[in-house]
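Please work from the sequences and hints to get the whole structure.
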Amino acid sequence: MKKDVIVRALLALAAGLVLTVFLAQGRTLGFIVRTAMYFSVLFVGYKFGIGVGAAAGTGCGIIETLLQGDISVMGMLCLTGVLSGLFRSLGKAGSTLGFLAGASAAGILYLPEQADQGIAEFFIAAAVFLLIPRALCR
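This note's numbering applies: residue 0 is where the sequence shown begins, and numbers increase by one.
Hints were generated in silico from the structure; no laboratory data involved.
Among these hints, one or two may not hold up.
To be verified - Each pair of labels, with its calculated beta carbon distance range:
| no. | residue 1 | residue 2 | range |
| --- | --- | --- | --- |
| 1 | 133 | 109 | 29 to 39 angstroms |
| 2 | 70 | 132 | 33 to 43 angstroms |
| 3 | 29 | 70 | 10 to 20 angstroms |
| 4 | 54 | 88 | 17 to 27 angstroms |
| 5 | 135 | 50 | 15 to 25 angstroms |
| 6 | 51 | 129 | 19 to 29 angstroms |
| 7 | 126 | 29 | 14 to 24 angstroms |
| 8 | 134 | 65 | 31 to 41 angstroms |
| 9 | 27 | 50 | 31 to 41 angstroms |
| 10 | 68 | 133 | 35 to 45 angstroms |
Here the structure is a predicted model, which is why all the values come from computation and not from measurement.
Just so it is clear, CB atoms sit at the ideal spot from N, CA and C, and this is done for glycine as well.
What follows is the structure in structure tokens.
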């Protein structure tokens, strides 16, 4: 029981810290929603594997494509879901590195004009994922 309280307190602290950083930088709600989508792709890919990670990336990518009108975003998120699931045997750090490598490579190749704006969202999602206790990920 005591361990659950500590885990919940750490998650609430991490969420508060992330929200404070977002609001201090003058970010909008869209920034927070995109970061949550990227986090969910990374988390689902790590927890359930390649196939489910690809499906989560595609689902989030469809939403982002409808908002931006650029279909390459969907491919990028699908790729990040695949890579996070592919490297899950290396632990959270390996899955996170695969996720960030896929996001960086696809962002540079397909969305160079938006790469500098969106990469912060990927790194924040990865940092939040690394802060989550391992017990919640397995």
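A quick look at each hint next to the structure:
no.: 1; hint: 133 - 109: 29 to 39 angstroms; result: holds (33 angstroms)
no.: 2; hint: 70 - 132: 33 to 43 angstroms; result: holds (36 angstroms)
no.: 3; hint: 29 - 70: 10 to 20 angstroms; result: holds (19 angstroms)
no.: 4; hint: 54 - 88: 17 to 27 angstroms; result: holds (19 angstroms)
no.: 5; hint: 135 - 50: 15 to 25 angstroms; result: holds (21 angstroms)
no.: 6; hint: 51 - 129: 19 to 29 angstroms; result: holds (20 angstroms)
no.: 7; hint: 126 - 29: 14 to 24 angstroms; result: holds (19 angstroms)
no.: 8; hint: 134 - 65: 31 to 41 angstroms; result: holds (35 angstroms)
no.: 9; hint: 27 - 50: 31 to 41 angstroms; result: holds (33 angstroms)
no.: 10; hint: 68 - 133: 35 to 45 angstroms; result: holds (39 angstroms)
Hint violations for this structure: none, all hints satisfied.
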